[in-house]
Amino acid sequence: AQSVAQPEDQVNVAEGNPLTVKCTYSVSGNPYLFWYVQYPNRGLQFLLKYITGDNLVKGSYGFEAEFNKSQTSFHLKKPSALVSDSALYFCAVRSNTGNQFYFGTGTSLTVIP
Amino acid sequence: NAGVTQTPKFQVLKTGQSMTLQCAQDMNHNSMYWYRQDPGMGLRLIYYSASEGTTDKGEVPNGYNVSRLNKREFSLRLESAAPSQTSVYFCASPSPWAGYGYTFGSGTRLTVV
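Those protein sequence lines, which keep their order, are chains B and V.
Every letter in the first sequence is one number past the one before it in my numbering, and letter 94, counting from 1, is 94.
Every letter in the second sequence is one number past the one before it in my numbering, and letter 84, counting from 1, is 1084.
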């Protein structure tokens, strides 16, 4: 069965500090992995993806994510957090053999000034 | 810009009333999806359509019906609304500028009283 786990409902970080939002997955076949961000009262916006190739992928707004196959993880990172990064973040996975996406339950990130 | 358009943005229904949520995409993709978002539960798939003329149940289809009217449009119908259907509903479709992940509509916030 395909699934995504985001073990932290809430992450707080001080402005300027590095941030990490965790994601682990379970999928049959090779995974396609995505991160989305949701600002209040808005739809989900694509941040970045991993399909194949370099394990470190870079995305929008200075975010990056590291694919770790042995740990089945795809953690979202940013070297220096901004207050404007405060939002809800979703990890999603799709198998390379299927069309359907599976989403985590989301992690609320708060960057403290 | 091309994307996914949802209407309405907000709706309040009384228990037992019916309504249809409309979704249209102009990315010329075959598949379209309806999700609901509830606090602490992430996004759950209600129904999807892999191509024009086909629809399939997702994780939480009870109380909903869908119609894939043509390649562009995919509507979600609540025949007899219940308070448990109070949620935010998102339509999505794959798009090249989301790395062939989803582009989401802006959502419909539905309250059933």
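Hints are computed from structural coordinates only; laboratory data are not their basis.
Among the clues, some could well be false.
[Said to hold, decoys possible] Each pair of labels, with its calculated beta carbon distance range: (1) B:39 / V:1050: 35 to 43 Å; (2) B:15 / V:1020: 27 to 35 Å; (3) V:1061 / B:60: 30 to 38 Å; (4) B:39 / V:1111: 33 to 41 Å; (5) B:72 / V:1111: 16 to 24 Å; (6) V:1017 / B:20: 39 to 47 Å; (7) B:42 / V:1096: 32 to 40 Å; (8) B:42 / V:1027: 13 to 21 Å; (9) B:61 / V:1026: 22 to 30 Å; (10) V:1017 / B:5: 32 to 40 Å; (11) V:1069 / B:72: 16 to 24 Å; (12) B:61 / V:1014: 38 to 46 Å.
All values reported here derive from a predicted model rather than from experimental measurement.
In this text, a Cβ means the ideal position worked out from N, Cα and C, and glycines have one as well.
### Query
Holds or violated: 22 to 30 Å for the Cβ distance of residue 61 (chain B) and residue 1026 (chain V)?
Cβ of residue 61 (chain B) to Cβ of residue 1026 (chain V): about 26 Å, so the range 22 to 30 Å holds.
### Task
Can you let me know if the beta-carbon spacing of residue 61 (chain B) and residue 1014 (chain V) is within 38 to 46 Å?
holds, 41 Å
### Query
Quick one: are residue 39 (chain B) and residue 1050 (chain V) within 35 to 43 Å, going by C-beta?
violated, 30 Å
### Task
Kindly confirm whether 16 to 24 Å is satisfied by the beta carbon distance between residue 72 (chain B) and residue 1111 (chain V).
violated, 38 Å
### Query
Can the suggested window of 27 to 35 Å be confirmed for the beta-carbon pair residue 15 (chain B) and residue 1020 (chain V)?
violated, 44 Å
### Task
Please test the hint of 39 to 47 Å on the beta carbon pair from residue 1017 (chain V) and residue 20 (chain B).
holds, 45 Å
### residue 1017 (chain V) paired with residue 5 (chain B), Cβ distance criterion 32 to 40 Å
At 37 Å between Cβs, range holds.
### Task
Determine whether the Cβ-Cβ distance between residue 39 (chain B) and residue 1111 (chain V) falls within the hinted range of 33 to 41 Å.
For residue 1111 (chain V) against residue 39 (chain B), whose Cβ atoms are near 21 Å apart, the range 33 to 41 Å is violated.
### Task
For residue 1069 (chain V) and residue 72 (chain B), compare the CB-CB distance with the range 16 to 24 Å and indicate the outcome.
For residue 1069 (chain V) and residue 72 (chain B) the Cβ distance comes to about 39 Å; the hint is violated.
### Satisfaction of the hinted span 30 to 38 Å by the C-beta atoms belonging to residue 1061 (chain V) and residue 60 (chain B)
holds, 33 Å
### Message
Looking only at beta-carbon atoms, does the pair residue 42 (chain B), residue 1096 (chain V) fall within the given range of 32 to 40 Å?
### Response
Violated, at about 21 Å.
#### Entry: Beta-carbon spacing of residue 42 (chain B) to residue 1027 (chain V) - inside the hinted bounds 13 to 21 Å or not
holds, 19 Å
Hints 1, 2, 4, 5, 7 and 11, counting from the list given before, are not met by this structure.
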